[in-house]
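Participant: Please work from the sequences and hints to get the whole structure.
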Amino acid sequence: MRTYMRITLGTLGIAAAGAALGGCNFDVSNPGPVQGKYLNDPRAAQAIVNGAGRDLSEALNWIAYTGAAVSREVFPAGSTGSFGITPNQQIGLLTDDETNTHWDLAQRARFEADSGNKFMKRSLTDYAKNKLAAQILLWSGYTYRLLGENMCEAVIDGSAAMPSTAFLDSAIARFTTALGVAQAAGDTRSVSAALAGRASVLADLGRWPDAIADAQQVADGFVYQMPYYVTDVDQYNRIYWATANQPYRAHTVWNTPYETYYASTKDPRVPWDTSTSQKVGDAAVLSLGRVQWHFETKFSKKDAAMNLSSGWEMRLLEAENLLMGGDVPNAMMLINKHRVALKLQPWSATTADEAWTALKRERGIELWLEGRRLGDLRRWKATSAPGDLSPLEQAGSATSYLSANQNLCFPIPLSEKQTNPHFTSP
Amino acid sequence: MVARRFTLAVRVLTAGLVAAALAGGSTAARAQAGEATGTVSGTVRHAGTENPLGSAQVTIAGTRIGAVSRDDGSYAITGVPAGTQRVHVRLIGFAPVDRTVTVPAGGTATLDFALATSAVQLDQVVVTGTAGQARRREVGNSISAVTAADIPEAKTDVSAMLQGRVPGASIELSTGSSGAGASIRLRGNTSVALSNQPLIYIDGVRVRSDEYPKNVPPAGSQLRSTNYYASPLNDINPEDIDRIEVLKGAAATTLYGTEAAAGVIQIFTKRGQSGAPSWNFETSQGINRLRPFGIDDGGACSSTQACAKYLYINPWLRNGWRQAYNMSVNGGATNGPRYFLSGGYNDDQGVLPLDDERKYVVRANFSFAPSPKLNIDWNTGYTNDHITNTPAGNNAAGLTLNAFRRDRNYYGSANIDTISQVLQYQLNTWINRMIMGATVSYAPFAHLTNKLTIGIDRANVENRNLRPFGFPESPTGSLSDQQWANQTLTSDYVGTWEQDVKFLHSTFAWGGQASTIDTRDVEAFATNFTGPGDPTVSTGSQWNGSENRIKIVTGGFFLQEMLGWRDRVFLTGGVRFDKYSAFGDSLGVQAYPKVSASYVISDEPFWQSTFAHHVANTLKLRAAYGQAGRAPGAFDAIQTYDGVGWGGQPALRTRNVGNPHLGPERSAETELGFDAASLNNRLSVDFTWYHTRTSDALLNVDFPPSEGFLRSQLENIGALQKSGFEIGTNATLWQSQPLTWTAGVNLALSKSKVLSLGNIAPFEIANNGWAIEGQPLAVLRGHYITNPDDIAPPNIVDKHLYGPSQPTRIIGVTSALQLPKGIEISARGEYQGGNYIDEDASYEALSRSVKWPTCFDAYAKAARDNNENNWTARERVECDTKNGYLKSDLFIFKADFFKLRDVTVKAAIPKRFVPGAHTASLSLSVQNWYSWKNKDFRLFDPEMAGNDGFNAQVRYVSEQIPAPATVLGRLQVTF
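Protein sequence lines, in the order shown, are assigned to chains A and B. Counting from 1, position 165 in the first sequence corresponds to residue 165 in the working numbering; the numbering is continuous, with no gaps. Every number in the working numbering is 426 more than the matching position in the second sequence, counting from 1.
Be aware that a few hints might be false.
[Stated by the list, open to error] Each pair of labels, with its calculated beta carbon distance range:
| id | chain 1 | residue 1 | chain 2 | residue 2 | range |
| --- | --- | --- | --- | --- | --- |
| 1 | A | Ser123 | B | Asn1185 | 35 to 41 Å |
| 2 | A | Ala305 | B | Asn1185 | 51 to 57 Å |
| 3 | B | Lys1225 | A | Met333 | 54 to 60 Å |
| 4 | B | Gln909 | A | Asp126 | 41 to 47 Å |
| 5 | A | Ala341 | B | Thr730 | 41 to 47 Å |
[Unchecked claim] Here are a few chain B residues that sit away from chain A, every Cβ distance over 12 Å (derived from the structure):
| id | residue |
| --- | --- |
| 6 | Ala462 |
| 7 | Gly533 |
| 8 | Val553 |
| 9 | Trp705 |
| 10 | Gln731 |
| 11 | Gly762 |
| 12 | Asn820 |
| 13 | Phe897 |
| 14 | Trp910 |
| 15 | Ser964 |
| 16 | Gly1059 |
| 17 | Phe1061 |
| 18 | Val1127 |
| 19 | Phe1129 |
| 20 | Ile1153 |
| 21 | Leu1350 |
Don't read these hints as lab results, they were simulated from the structure. All residues carry an ideal CB built from backbone N, CA and C; glycine is no exception.
Facilitator: What follows is the structure, given as structure tokens:
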């Protein structure tokens, strides 16, 4: 009997040793990702605000670059994959299977700004006059503007499709709140940013008197920018990096209206350059084979900032408002105001058509590569604004290589359609 | 340099092995002193060819005394108690033989054996999945085994040992770069969202089965790399392996619990056998050579002339020299310590100019039985591997991509010197791997056994990725260094109690396992070096770092009862209970049941006395049902945000929605089958039908991007199904002087289906592979040209369902001819098919208007007729982007292929040429030289993979080269 007991105890001992050596503590907490509950801590506010800003910067990167290609602010020069321009986009088409990233990044930025704002409302006792609160509201407003100006339709928090003006309406609400918080906080720079942002959105919506009221409060030299950083590739200015020859030479200013314009004027707002060692893009495009590589230098480094709003843009809004009222002389004075400051030859126009042509050209120059051109083209098309575009940026033109069916906005992509119950499954 | 390294390695290894062997030998001598014993010696030969048989286990019945026959068939067992003894001889593939001999005290009795081949061996012991060990006759599920001694060719790696030899196993090669590993799928994919790699155990110790991390910087494009993944499995020296057991599904893997639904592979390394030291030296020398994978347009092909046959990379290709040296010794005392010690050096030069893999491996396995009731096994394996690579894959700074695209590459030039600038890129990987385990077996009396295994698998990987100062695409240089470590701790206890109750034999087993997997990953990245030189991360002017630490704990216990009736009917039932640290908070212990039965009907008297015995002289019927799981990842159950930083400031970003109810997906499998032998055991048939249903399948549910979380969330909402059958046949077609001819065919047919997606819409898993209800998992979906060969505009339909991504037909064929004088000729081929694969490299090139070989005919026609009206529909789609037809999902092709995996000729070297040797043989193997592929698959190799890891549920072809063919000569000498 004692033998059996010894055996039994020995067996159990071995089993127990095995279990102990396994160290079966299943309550494992892995470091790294931050659990959602910690965002309610007021000390997380700065990181929340920066997260919204960073995500807007990435969305702006993608939309501004693809928008530039489709609207011929730049011409495709090769790459179609990473940092490239797809064959569809090369001919001006934005299809729902190629715009997931643009939509997704912008929607994430929008959600993060909105949800971050809610976290901060709960956690910040001085929310109504807190500069961080003003900042996240500004990021939110500019994100909604980016979506409203570039997307064909709106979807918010899993809703059904709505007109894209729903984004713009939300932008106005965010800018308005931001304005109040910034004023309470004594943050004059944020006040101007909110006014400029709201003015542009009001113009998009055709609410010109309100737009001009805001625009006139913004000084000529005011600039509000989205910063970019050298920290990692996602934080680089994407338009720069896509043609930095490291290794991408994916776009060129060749065969755009800005090529010859800059060559003749040296307007510092649309600069480009050439390379002695690399004369052509990084692959062949369309039926053209290799095309000349004239790289833009407006963004000449990884951390080149991109304008979100400026006083000069406000002047052009005021000019557009005057043109709609038929006031060509005063409109031309405003159109040329920045040109005069830059010592450039002013545009001349005697007719409304000529003035509209000048306005369209000048807005293209002033806002070049800032993700605004598609919105402008769409707005002018919707209102049948007079004035001509360059043949190099016209749909269906033989020299622009743009399809007659050129798209002026990003469709709701498959990533939304395939997951949102309001849409038919594919 | 290599020669010097080798010399040093051999000296160190030899010194170590000699010391150990002498120690073992002296122990043996001490153990034998003063006993009334004698020696039994003789030879083991093939009953047909009379060729000597090595690796046969010769044991004295009722004792632990025994020996293993050498390659010349000789054996000697010392310390055998004088008197009449029964001697057993067992060798896989041959019928066991028992004979009686009288052993004179202090003398030697001679006993020779002639073994006849035997197709089915129901008394062979298997270990994996059986709770202790069991004879095949007792096991109700299918279990495949590969025995190293049966493999005639020079072994290159563990993955290659399994190719074409295990029905239902698909060994999926990746690329032709040095160090590239193969993924393994057993009965296809089991999971949509989780790893489909089987669990791997070595000598009872769980080891890493998923790939090592890719050598790529933590910042920027994840393609600045060679774009392959190394396999931990290839750290194991194939020369150290005794056998491999493979369980393919949940019916067999229940006792492994939550992570075992994709199957289990267990590798058993060689162990020491009592007797004098037996030395084995093996070397193989040969070349790796890339076979053509492009289109032969008749263009000149040389080191200075790029040609379409090799997709223009031939100027950079070389015949990579391959050399391996292995030395081992085994022996030990009859009742004392036994040892198996080995060391090896392997230098595998790749076909790309910078590719090389140099590997040192050392193994020390010891066994010690201090008493008849106690046995201790200690196993240690260490590998040191250094891999250098050429940048490849879909890497803008890589050789393959830029060579393939010629003048439309990132350099805008097809010039060899210009493209060769990418060779400044330096990619180094160092792998240090230690696997150590101890197993204590304690059988206090006849009824009770206990076995405890404790083990550790530690892998340290350093990936260093340098684009030096002056590199064309990174002029100021960049460097990343990754220090990655994975540690798996295993403890495994199994107890069994055997009891005879009247006509029943009961084996009750209980046990538990625990594993802790701890992965730590620290990466540093720097750019902007001050100038030329050999930099470190510290010398960069801009730094970036990342750290990841993940720990997962799994543990469980099981109970199992097996009842045997008259040693011919066996019924087994069991259950495994599991807990896992990554389950959601609301989830408790998970239970996985199993039940199986086997019936050796051919042992029944009625069978023996009827005609049935002549049809099948051995027949075992079997049935099994079991469940196993697959567990989610460490962070899947929790809502989380990522700290991403923004210009050096803190920033948070949405990561994971979280799901507190997250649990494992559960696969339930039913197997029915039989093992039969006929024609006097000269023909064997192993048939298995299986049906697996996975419920609570974890699917990556994507949320609308407008809800802000872009990452998908795992949800237990799906249901999947797979089924098929596997047939393994082996036949001795001829067994008489002067030759024996054997042949085997493995056939596996399978199909899978997505039963339910839990009310979510069909979704793309990866690489144009979709999860769609009623369709295979995954099904390739994309655009399709309905009139590809018409001289007309293309008619293109969207969302065309091409077919499954995984092979549905796998056929392995082997044949061997054994001739006198130890001459053996063998061949092995493998066909895989029924599936489709996305050949993305062509799309990537054509979308950039690269002049591509598949369009050469179209270009010629256009040049001749000065228009494109005479192009076929496919040519209009592919060959001119301005037509606007080109889509990335138009390049999906049937992936059927056949490869002659190996042809080997082996011959014994007469002893007079190798003085002092017991045996010596020379063999020549040609591996993967000949292949066939579906004609639709015009470029590349359907067996290739893209830039993804082993867990890519859907493979694709990227800008890689295929795995090269190998020609190897092998010399093996035993002393």
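Participant: All hints, please: hold or fail.
Facilitator: Here is how each hint holds up against the structure:
1. A:Ser123 - B:Asn1185: 35 to 41 Å: Hint holds: Cβ distance 36 Å, inside 35 to 41 Å.
2. A:Ala305 - B:Asn1185: 51 to 57 Å: violated (46 Å)
3. B:Lys1225 - A:Met333: 54 to 60 Å: With a Cβ separation near 56 Å, lysine 1225 (chain B) and methionine 333 (chain A) satisfy 54 to 60 Å, so the hint holds.
4. B:Gln909 - A:Asp126: 41 to 47 Å: The hint (41 to 47 Å, Cβ to Cβ) holds, given that glutamine 909 (chain B) and aspartate 126 (chain A) are roughly 45 Å apart.
5. A:Ala341 - B:Thr730: 41 to 47 Å: Since the Cβ atoms of alanine 341 (chain A) and threonine 730 (chain B) sit about 59 Å apart, the hinted range of 41 to 47 Å is violated.
6. Ala462: holds (30 Å)
7. Gly533: Per Cβ check, glycine 533 (chain B) is outside 12 Å of chain A; nearest 40 Å; holds.
8. Val553: Given a closest Cβ separation of 17 Å, the condition holds.
9. Trp705: holds (36 Å)
10. Gln731: holds (23 Å)
11. Gly762: Holds, since 23 Å exceeds 12 Å.
12. Asn820: violated (8 Å)
13. Phe897: Non-interface label on phenylalanine 897 (chain B) violated, nearest chain A Cβ at 9 Å vs cutoff 12 Å.
14. Trp910: holds (15 Å)
15. Ser964: holds (18 Å)
16. Gly1059: violated (10 Å)
17. Phe1061: violated (6 Å)
18. Val1127: violated (8 Å)
19. Phe1129: At about 6 Å from chain A, phenylalanine 1129 (chain B) fails to clear the 12 Å cut-off, so the statement is violated.
20. Ile1153: Its Cβ never comes within 12 Å of chain A, the nearest being 39 Å, so this holds.
21. Leu1350: holds (44 Å)
Violated hints, in rising order: 2, 5, 12, 13, 16, 17, 18 and 19; the structure is consistent with all others.
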